[in-house]
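From just these sequences and the hints, can you work out the full model?
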Amino acid sequence: MYDFVVVGVGPAGARFSRRAAEQGYDVLALEKGTVGTPLACSGHVSTDIWQFTGEGAREELFQNEIYGARFHVGGPHSAAYPFYKDEVASNVIDRVGLDRHLADLAREAGADVREEHTVTDVTEHDDHVAVVVNGPDGVLEFEGKMLAGCDGPRSRVRESLSLPEPDELLHGVLAFSDEVDHENFVDVHLTAPTFFAWRIPRGEAGVEYGLAAPPGVQVTKHFEELIDGYEIDVAHRCSGAIPIGPPSRVTSRRAFLIGDAAAQTKPFTGGGILYGMTCADHAAREINPDRPATLAAYERAWRDDLEREMTLGHSLRRAYSLPEPVQRVGLNALSGEIGVHMDRPTSLLSPAHLKAMLSRLRPS
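Oh and the sequence shown: position 116 is 116 in full-length UniProt numbering, straight run, nothing missing.
Do not take every clue at face value.
[Claimed, not checked] Here are the simulated SDA-like pairs of lysine to any residue, each with C-alpha atoms no more than 25 Å apart in a straight line:
(1) Lys355 to Ser321
(2) Lys221 to Ser321
(3) Lys85 to Val180
(4) Lys85 to Ser335
(5) Lys145 to Ala109
(6) Lys355 to Leu334
(7) Lys85 to Gly206
(8) Lys355 to Gly336
(9) Lys145 to His171
(10) Lys32 to Glu143
(11) Lys32 to Ala241
(12) Lys145 to Glu299
(13) Lys221 to Gly271
(14) Lys32 to Asp137
(15) Lys355 to Glu309
(16) Lys145 to Thr118
(17) Lys145 to Pro247
[Claimed, not checked] Pairwise CB distance ranges, derived in the manner of DEER restraints:
(18) Pro325 to Glu183: 26 to 36 Å
(19) Asp304 to Asp127: 21 to 31 Å
(20) Pro193 to Asp127: 43 to 53 Å
Derived by calculation from the structure, the hints in this document are not laboratory data.
Cβ atoms here follow ideal geometry from the backbone N, Cα and C, with glycine treated the same way.
Structure follows, in structure tokens:
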């Protein structure tokens with residue numbers, strides 16, 4: 001009987017496994033394949049990422065520094081509206097390497113991390129949760145006092161326990177080119193219906209191109225138009241679902257969801273690495289496997305922390321669907337130096353951002 005069985009060893013699952021193991025809990029973490037694969041997520045993150053990693057991580061994972069973003073209403077050759085900071089705003093990192101690094105930290109903390117273990121069934125009982133797993137040695141069954149579902153946007157744990165679905169699942173696609181690019185701006189194209197496309201320079205590692213849109217939209221067609229506009233050949237294509245909008249409940253009697261399984265993502269970008277690990281910390285701090293009532297404390301803690309950010313993030317996303325003339329006027333008026341944190345939309349009201357905005361009004 002484990003204290004926690006964790007399903008999924010992406011950033012959220014690895015972070016929770018590490019933090020729970022550091023508290024002395026007996027943790028079993030199961031990954032259906034190899035940690036870090038298949039890749040289905042961008043490696044563009046805020047500099048806060050290094051608060052969640054271990055010694056030497058930056059030297060191992062860092063690829064490029066980003067100071068800002070150029071927004072485009074059209075394709076690659078359309079007018080650009082730059083938003084930037086006078087300091088590093090974000091980093092581009094080795095996304096697969098990040099997952100493996102975080103899983104290693106969980107192992108070092110004492111968690112039993114097992115790859116190639118696919119969960120096929122979950123049954124919740126009054127005093128434990130039973131998990132059936134198909135692994136290298138055949139079919140196994142494990143029991144835990146609590147179960148953490150960290151198994152992504154199409155979570156088997158969420159489905160098995162009949163927990164509510166996220167509000168929306170976008171379809172995202174990524175591809176990479178080998179062109180070396182140390183430029184310190186990303187490009188954002190408001191050409192995909194209700195969302196956007198992007199280009200992220202990764203230094204010596206090449207360039208990432210991506211696009212996300214709701215189901216039913218011809219994502220491949222829009223992505224091909226993006227690539228053709230940049231006149232570049234890409235390889236290593238991958239795709240995945242991006243959950244937007246957390247459900248009303250992410251806990252049951254003895255189970256809880258973290259990360260993409262709980263749609264703990266930024267509504268305006270789809271990114272969930274930092275949000276997921278932040279929520280993993282809340283879960284490790286609040287949940288006692290011997291006291292199921294503490295699951296309610298986790299629900300309150302992560303929502304108190306991120307609900308305002310997500311609400312404002314939804315408002316920002318609505319701007320992606322404004323008529324093009326309105327977008328151009330707004331981008332032209334607002335572009336320039338900013339003081340916004342990429343993970344915290346409420347920083348739009350921060351002293352740093354207000355100072356940057358006011359500086360544009362001063363006569364030169």
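Given the proposed pairing of Lys145 with Ala109, does the C-alpha separation stay at or below 25 Å? The given pair, whose Cα atoms are some 20 Å apart, holds under the 25 Å limit.
Mind checking the alpha carbons of Lys145 and His171 for me, to see if they're no more than 25 Å apart? 35 Å, violated
Is it true that Pro193 and Asp127 lie within 43 to 53 Å of each other by Cβ? Cβ of Pro193 to Cβ of Asp127: about 48 Å, so the range 43 to 53 Å holds.
Pro325 paired with Glu183, Cβ distance criterion 26 to 36 Å: Check passed, 29 Å falls within 26 to 36 Å.
Between Lys145 and Thr118, does the CA-CA distance stay at or below 25 Å? Between Lys145 and Thr118 the Cα gap is close to 20 Å, so the pair holds against 25 Å.
Regarding Asp304 and Asp127, is the given constraint of 21 to 31 Å on their beta-carbon distance met? With a Cβ separation near 29 Å, Asp304 and Asp127 satisfy 21 to 31 Å, so the hint holds.
Given the hint that Lys355 pairs with Gly336, test it: the Cα-Cα distance must not exceed 25 Å. This hinted pair holds, its Cα atoms lying about 12 Å apart.
Verify the proposed pairing of Lys85 with Ser335, using a straight-line Cα cut of 25 Å. Measuring from Cα to Cα gives roughly 11 Å; hence the hint holds.
Lys355 paired with Glu309 [C-alpha distance capped at 25 Å]: 21 Å, holds
For Lys355 and Ser321, compute the direct alpha-carbon distance and say whether it is at most 25 Å. 28 Å, violated
Sort out whether Ala241 lies within 25 Å of Lys32, counting only the CA atoms. With a Cα-Cα distance of about 17 Å, the restraint between Lys32 and Ala241 holds, given a limit of 25 Å.
Given hint Asp137 paired with Lys32 - CA-CA distance at most 25 Å: 14 Å, holds
Hints 1, 9, counting from the list given before, are not met by this structure.
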